[in-house]
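> Sequence:
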Amino acid sequence: MSDASVLSPSPCVVVIGGGPAGLMAAQVLLEGGARVDLYDAMPSVGRKFLLAGKGGLNLTHAEPAADFARRYRVGPTAPGHDQPALPVGDWLQGLDAQAIRDWAAGLGISTFVGSSGKVFPAEMKAAPLLRAWLQRLRAAGLRLHMRHRWTGACEATQPSGAPWQLGFDAPAGPQQVRADAVVLALGGGSWARLGSDGAWVPWLQDRGVTVAPLQAANGGVELPWSDHLRERHAGAPLKGVALAFTDVTGRRFHRKGEAVVTETGLEGSLVYAASADLRALLQRQGHADIELDLLPTRPLHEVETALARGRGARSWSNHLKEQLGLHGVKAVLLREGLDPAAWTALQADPVALAARIKAMPLRLTGLRPIDEAISSAGGVGLDAATTDAGLMLRALPGLFCAGEMLDWEAPTGGYLLTACLASGRVAARGALRWLAAAQAASSGTP
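Per the UniProt record's numbering, the sequence shown starts with residue 1, numbered consecutively.
If you're looking for bench data, these hints aren't it; they were derived computationally from the structure.
Be aware that a few hints might be false.
[Said to hold, decoys possible] Taking lysine-lysine pairs in the DSS-like style, the calculated list, with each CA pair at most 27 Å apart, reads:
id, residue 1, residue 2
1, Lys256, Lys358
2, Lys239, Lys125
3, Lys54, Lys239
4, Lys256, Lys321
5, Lys118, Lys54
6, Lys239, Lys321
7, Lys118, Lys239
8, Lys321, Lys358
9, Lys125, Lys54
10, Lys239, Lys256
11, Lys54, Lys321
12, Lys256, Lys118
13, Lys358, Lys239
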């Protein structure tokens, strides 16, 4: 994967953050001839990476590149956009899905494409890949410094921004570290217990860096369930449903998938796919009205005909199950929000009941807290805060950003990890170019 010229003499670059973006930045920097020290506040690197891969590490996605790039949103981009989100699309040109599979293969990890297009390691585990990666990085000279929490201290010793003096709280006490360049890969604001706590936001803002507020992405939504549904059906999967709503631009969202009923609302891949649009609705009007099609493979007229058949002595639950295969939490949802009189009236009206089955109305009242979300939106602005090509902070020359601390977002399905890795590569290459230019200037080379 090395495609950068080797620097000589070797400058020292500090990477702060040991997630996928930071580790990929370290790899590219080492390949480019830099000496690299990586600092992380946690006892070990890749903790969120390991937890995300606990049920099967989704590395990337095998869909066509143009469709892949459209999964991303950058900054204040309006929901429902049709064009690939730049500059994330540019990052992916340097490290796309196939390149990530090749990179994994180079570490001895074979991959396969699942039925949905998601790409997984053959062993379905994150730990073997991380072990092989760290072994390769250590052999290349990476020095790891665990339990070192950056305090936000970063002072340039020269107006040009190099070298930098960085402050860390370490097991042995406060430490000052010198760096010729710095790559920040500190994560967003989700899963604080694993290190992504967003503590860096005010530190960068105080130094003139534009940072959009961190917000929950790929997280659950809140609904005021009845006590009966919450107590008896929390944790139940909603398989084979479709989610529909109108976004803030007036565009209709409609997608099939799966969700899970929780004590506080809904979560799951189908909800995550609509995360940005639902957040925008909730921010604009304080609620979001959605519809769930409980039988998306059955046309409305077919559902009406099935419901109109006499049920005889069968209970309504048995009638729904026998005629439509509707049972469990789906059947319970039909009564949600209805008093006994309204439910009785609905049973007597096959047309109205069919319409409810095909478009079950629900009103979302909020998002779950950011720390429960899989990822976060917001962060360092990609337009005003960073240079176009290398992700260097305009206000802090010689400091580069990568990963989830940048203001972009994507649904789950391999897109998050792919962009984190790709942005780490971009930031590292930007640092190498900047260091090479600095070396040339100091030596008088034209």
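> Could you work out which of the previously given hints the structure breaks and list their numbers from low to high?
Number 11 - this is the single hint that the structure violates.
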